[in-house]
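These protein sequences, in sequence, are chains H and W. Residue numbering for the first sequence follows my numbering, starting at 1 and increasing by one per position. Residue numbering for the second sequence follows my numbering, starting at 251 and increasing by one per position.
It is possible that some hints are incorrect.
What the hints assert, rightly or not - Partial chain H-side listing against chain W, Cβ under 10 Å, derived: (1) 37; (2) 38; (3) 39; (4) 55; (5) 79; (6) 94; (7) 96; (8) 98; (9) 106; (10) 110; (11) 162; (12) 211; (13) 215; (14) 218; (15) 222.
The set of hints was computed from the structure by calculation and includes no laboratory data. We put the beta carbon where it would ideally sit given N, CA and C, even for glycine.
There are 2 protein chains.
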Amino acid sequence: MGKRASAELGAGRADDGLGGNGRDEVIYRNLFVAIVENHLAPGTKLPEDTLAETYGVSRTSIRKVLQRLAHERLVDVRLNRGASVAQPSVGEARDIFSARRIIECGAIPQVVAKATSPALEALRDLVRREHAAQDRGDWRESIFLSGAFHVELMRLSGNETLTDFLTQLVSRSSLVIATYGSPQTASCRHSEHDDVIEIIAAGDVEAATRWMDRHLRDVERSVVLVEEEPEPADLKKILEEVAQRRPKLR
Amino acid sequence: MGKRASAELGAGRADDGLGGNGRDEVIYRNLFVAIVENHLAPGTKLPEDTLAETYGVSRTSIRKVLQRLAHERLVDVRLNRGASVAQPSVGEARDIFSARRIIECGAIPQVVAKATSPALEALRDLVRREHAAQDRGDWRESIFLSGAFHVELMRLSGNETLTDFLTQLVSRSSLVIATYGSPQTASCRHSEHDDVIEIIAAGDVEAATRWMDRHLRDVERSVVLVEEEPEPADLKKILEEVAQRRPKLR
DNA sequence: ACTTCATTTATTGGATACACTTTTATAACG
DNA sequence: CGTTATAAAAGTGTATCCAATAAATGAAGT
Numbered sequence: 001m002g003k004r005a006s007a008e009l010g011a012g013r014a015d016d017g018l019g020g021n022g023r024d025e026v027i028y029r030n031l032f033v034a035i036v037e038n039h040l041a042p043g044t045k046l047p048e049d050t051l052a053e054t055y056g057v058s059r060t061s062i063r064k065v066l067q068r069l070a071h072e073r074l075v076d077v078r079l080n081r082g083a084s085v086a087q088p089s090v091g092e093a094r095d096i097f098s099a100r101r102i103i104e105c106g107a108i109p110q111v112v113a114k115a116t117s118p119a120l121e122a123l124r125d126l127v128r129r130e131h132a133a134q135d136r137g138d139w140r141e142s143i144f145l146s147g148a149f150h151v152e153l154m155r156l157s158g159n160e161t162l163t164d165f166l167t168q169l170v171s172r173s174s175l176v177i178a179t180y181g182s183p184q185t186a187s188c189r190h191s192e193h194d195d196v197i198e199i200i201a202a203g204d205v206e207a208a209t210r211w212m213d214r215h216l217r218d219v220e221r222s223v224v225l226v227e228e229e230p231e232p233a234d235l236k237k238i239l240e241e242v243a244q245r246r247p248k249l250r
Numbered sequence: 251m252g253k254r255a256s257a258e259l260g261a262g263r264a265d266d267g268l269g270g271n272g273r274d275e276v277i278y279r280n281l282f283v284a285i286v287e288n289h290l291a292p293g294t295k296l297p298e299d300t301l302a303e304t305y306g307v308s309r310t311s312i313r314k315v316l317q318r319l320a321h322e323r324l325v326d327v328r329l330n331r332g333a334s335v336a337q338p339s340v341g342e343a344r345d346i347f348s349a350r351r352i353i354e355c356g357a358i359p360q361v362v363a364k365a366t367s368p369a370l371e372a373l374r375d376l377v378r379r380e381h382a383a384q385d386r387g388d389w390r391e392s393i394f395l396s397g398a399f400h401v402e403l404m405r406l407s408g409n410e411t412l413t414d415f416l417t418q419l420v421s422r423s424s425l426v427i428a429t430y431g432s433p434q435t436a437s438c439r440h441s442e443h444d445d446v447i448e449i450i451a452a453g454d455v456e457a458a459t460r461w462m463d464r465h466l467r468d469v470e471r472s473v474v475l476v477e478e479e480p481e482p483a484d485l486k487k488i489l490e491e492v493a494q495r496r497p498k499l500r
């Protein structure tokens, strides 16, 4: 895993309005990256004791971090049942992408208006790194940088509130990608990010908006696809079926 | 203060993905309403001990609630300095209203598409209550219900994620109104909420979008107005001026 | 009298301890 | 052999305790 690009994907600012103490900020970022880059699969339990030992702090600090991640909907916390990596439902996934279309397209005018040359160059660099990651087959980094691109684009609008919202939507998108959709599906094709930079540089609001809408619909279509059953897991039945196919243990 | 309308203004759902235990959920809602209805002025310190005694729980639970409110940007938490009711900056205020325009206008198509008769009737009832509060001069309830209207309108879209975002934006708007802007300015005039219901009932997406944009710009203009200085509080000067006006103590 | 420095007080950050709930393991029973 | 009941284990929820930091008070010096 190369040098981290956490800075770009926000993950909450250093001073975030919360009382981030530096130490638990590090813990937060670690968990955040672990979840968003899919090192921790959706549904994975996150026991407080384990995390506390891992990071050499007490459960108190861990709980704070988990609460924060829960509020960002990256983990589920159920009463007396602890925290686990969130598993977005299909409906949730649709909401997320719908929200992204509305917000990212809606902010395009301000993004175009405030886009400066150096800012665009920074975006180009981000895309370069994204392509590099893709070429070397590092799909985790690739997805990560792809998300960072969208967030940084939004940051150009100068609207911190919207940027925070989008940061959350983008990280949740990563969870959606991890839950539904095959790895290569999401990361490989959609790297037309170069295009939109030039459209924005040209100052064409209409075209940029249309591009963004199409782009997001493409990503969504390539991922959500199947409405799968809630999976109460007829474990018994499944095992019986398998057993019938292989009547004896060889 | 009449029966509360907390349900409408969200304030986080009962099961919110966090481990809301019922007890601290009550505490959260209390504080939430107190802040949004401006019973607690922006900048008010919120000492943990005081709150703990008030609600008869330990500081631990209070801290959890404060963290949550901090994440929703209704309180500021600074390291080793505790929590206080947030004071949105002018820039923040602008961002909030800008975000609201993008999100609320952007969601109009889905709102119109999914609006049902009973849903619209519920909205009309909300407006009736808003007018009632206005007529009796209860500007707190009035502002509260006005916000609830926007949130409930968004809820019609069926997009929970966007509804959550808007809930946060609306409550922060209340803080902005409390910080800048005179009470009657904000609550009195803008009760054209009836109009948009009929436009939506008629299914006119274009008109509804235009209405919403104009409405939100009106609200913003009536509130933010002045870019005021950071107020390092020339306490001394102020007191001297007062002293000069009243040279002797009676 | 005003400023500066030291001490005291108040308040927060974080760790530990204990009560309670859920889950797992074990044993008794059908 | 499978099912249910009981007991142990693991894990979470909350309160309390101690250390660290910031605010407030008071003293000394200019």
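Next on the checklist: Holds or violated: the hint that residue 162 (chain H) contacts chain W, with Cβ atoms closer than 10 Å.
Outcome noted: It holds, given that the least Cβ distance between residue 162 (chain H) and chain W is near 5 Å, below 10 Å.
Item to check | Hint status (Cβ of residue 218 (chain H) to nearest Cβ of chain W, threshold 10 Å) | outcome: Since the shortest Cβ distance to chain W is 19 Å, the answer is violated.
Next on the checklist: For the restraint on residue 79 (chain H), tell me whether the closest CB of chain W is nearer than 10 Å.
Outcome noted: With a closest approach of 5 Å, the residue 79 (chain H) hint holds.
Next on the checklist: Holds or violated: the hint that residue 94 (chain H) contacts chain W, with Cβ atoms closer than 10 Å.
Outcome noted: Interface hint status for residue 94 (chain H): holds (8 Å vs cutoff 10 Å).
Item to check | Proposed interface contact between residue 55 (chain H) and chain W, which counts if any beta carbon pair is under 10 Å | outcome: Cβ of residue 55 (chain H) sits 18 Å from chain W, so the hint is violated.
Next on the checklist: A closest beta-carbon separation below 10 Å is what the hint needs, so does residue 37 (chain H) meet it against chain W?
Outcome noted: violated, 22 Å
Item to check | Hint validity - residue 106 (chain H) Cβ closer than 10 Å to any chain W Cβ | outcome: holds, 4 Å
Checklist entry - With 10 Å as the cut and Cβ atoms as the points, is residue 215 (chain H) at the interface with chain W? => result Since chain W brings no Cβ nearer than about 16 Å to residue 215 (chain H), farther than 10 Å, the hint is violated.
Checklist entry - Close enough to count: is the Cβ of residue 39 (chain H) nearer than 10 Å to one in chain W? => result violated, 22 Å
Item to check | Proposed interface contact between residue 222 (chain H) and chain W, which counts if any beta carbon pair is under 10 Å | outcome: violated, 20 Å
Checklist entry - Does the nearest C-beta of chain W fall within a distance shorter than 10 Å of the C-beta of residue 38 (chain H)? => result violated, 20 Å
Checklist entry - Was the hint right that residue 110 (chain H) lines chain W, CB cutoff 10 Å? => result With a closest approach of 7 Å, the residue 110 (chain H) hint holds.
In this structure, the earlier hints numbered 1, 2, 3, 4, 12, 13, 14, 15 are contradicted, and the remaining ones agree with it.
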